Each structure stands twice: as C-alpha cells, then as structure tokens.
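Chains H and B, in that order, give the protein sequences.
Reminder that position 44 of the first sequence reads as 44 in the working numbering, one-by-one numbering, no gaps.
Going from the second sequence to the working numbering is simple: count from 1 and add 1000.
Don't read these hints as lab results, they were simulated from the structure.
Among these hints, one or two may not hold up.
What the hints assert, rightly or not - Label-pair restraints from in silico Cβ distances:
hint: 1; chain 1: B; residue 1: G1097; chain 2: H; residue 2: G16; range: 34 to 40 Å
hint: 2; chain 1: H; residue 1: R80; chain 2: B; residue 2: T1020; range: 37 to 43 Å
hint: 3; chain 1: B; residue 1: E1082; chain 2: H; residue 2: G16; range: 42 to 48 Å
hint: 4; chain 1: H; residue 1: G40; chain 2: B; residue 2: S1080; range: 22 to 28 Å
hint: 5; chain 1: H; residue 1: A81; chain 2: B; residue 2: S1080; range: 42 to 48 Å
hint: 6; chain 1: H; residue 1: Q14; chain 2: B; residue 2: L1061; range: 40 to 46 Å
hint: 7; chain 1: B; residue 1: K1057; chain 2: H; residue 2: I109; range: 28 to 34 Å
Predicted model only: the values in this text are computed from it and were never measured.
Using N, Cα and C, we set each Cβ at its ideal position, and we do this for glycine too.
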Amino acid sequence: SQQGEEDPQALSIQEGENATMNCSYKTSINNLQWYRQNSGRGLVHLILIRSNEREKHSGRLRVTLDTSKKSSSLLITASRAADTASYFCATENTGNQFYFGTGTSLTVIP
Amino acid sequence: DSGVTQTPKHLITATGQRVTLRCSPRSGDLSVYWYQQSLDQGLQFLIQYYNGEERAKGNILERFSAQQFPDLHSELNLSSLELGDSALYFCASSPPGTGGEKLFFGSGTQLSVL
C-alpha cells in the first residue's frame, strides 16, 4: 500500500498552543500536500511542498519535508478553536495519483 | 464551495443492492479521483480518470466500477453491496498540469448499507 501514516492519531491542545503532526510515507514522491477535513465534510487543501523543498510557510502553517526519511511535519502555530479538524498528508507520485495518510484528529480547547 | 458536486449526499440501501454515485468536477478540471473513507481504513484511493480515460486504480473492489463521460462527469457504481461498504465516498478533481496540482473535494456521499 502507498498509504502514509500520520502521527499522532489524535492531539488535544489548549488554544494558543502550537500543534505538530507528522506524516510518514513509503514511496518516491513528486510533492506532499496537507489537507484539512472538518467532521463529515470534504477535504480542503492547505499547503503543498515539492520534493526538492525542505520547508514552506503559509500564514500560521509551517511544513517541513525530509525525503531521506520519507517524512513530513505540519506545525500550526497559535492554534485556535476553529483549527479543530482532522489533518491529512497526501503524497503525489509520478503518475499524479494522490495517496492519503490515516489522519490526525486535532482538538483545540478554548 | 469547492466547485465539485456530488450526488446524492446520503444513500441508504440494503445488502446485495447496486447504487450509482455521481460526481461533476470543477469547470476545466480533467482529472477525477474517487476515494472511500471509513473509520477503520482511512481515506482509500479507489480510481482515477483523466479526460475520459482510466488512469490508475487503487484499492477498488471488483464489485465496484467507474467511468468518466465525455462531459467529464463521473459515476461510481457499487454492486452486490455488503455491510462493509458503508462509508463516505468522495470525488475530487484537479486541473490539468504536470503535477503539483491540488485536489478539490466534493462534500461526499454517505452510503449506509443495512
């Protein structure tokens, strides 16, 4: 299976704290993307990092990629209650297929 | 609103039955992807179409089939349904490109097999 894995499966933090979630994958990739899913809704794209990039920022999001370890991390700084959602990493392979990880469920307590 | 439309939103049916899920991609998007999301399996890639042609298959069962029509809408057909097929089925589309395009997801079809 090309599916990745997120770690931790669940994370609960206080509002204002930072949240870090990790993703590991198995195959060579073109890029890695992070998506957010509110309960029972469709996934929404957050950020993309290409295989030749090591770090990328977008607002309160910071993504790192280590292709030698086949891993990525997503950091959400100064979390808000509205950040409560599930977060998924997705790897895009050379055939333009997207494989998603198992997701991290984030709860931000007001 | 992602621009991807999925119908129906909810579907309740019985074991052994056949259902069809429909997806209209965003205007201009040529690729359509189908995913199955269940609690124990996460988000599983089923199949991808590009401009009417099947591009890749993932963990799609033989009881399932899909197609993409000339107007680029896609249908996922699920037959001989089993209890374990109960899940949220998502369609996603992406614009034409050489890679690095993001997926736009529909709001999903919740299938319940009783």
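Hints, verified against the model:
| no. | hint | verdict |
| --- | --- | --- |
| 1 | B:G1097 - H:G16: 34 to 40 Å | holds (38 Å) |
| 2 | H:R80 - B:T1020: 37 to 43 Å | holds (40 Å) |
| 3 | B:E1082 - H:G16: 42 to 48 Å | holds (46 Å) |
| 4 | H:G40 - B:S1080: 22 to 28 Å | holds (26 Å) |
| 5 | H:A81 - B:S1080: 42 to 48 Å | holds (44 Å) |
| 6 | H:Q14 - B:L1061: 40 to 46 Å | holds (43 Å) |
| 7 | B:K1057 - H:I109: 28 to 34 Å | violated (42 Å) |
Comparing the model with each earlier hint shows a violation of hint 7 alone; every other hint is respected.
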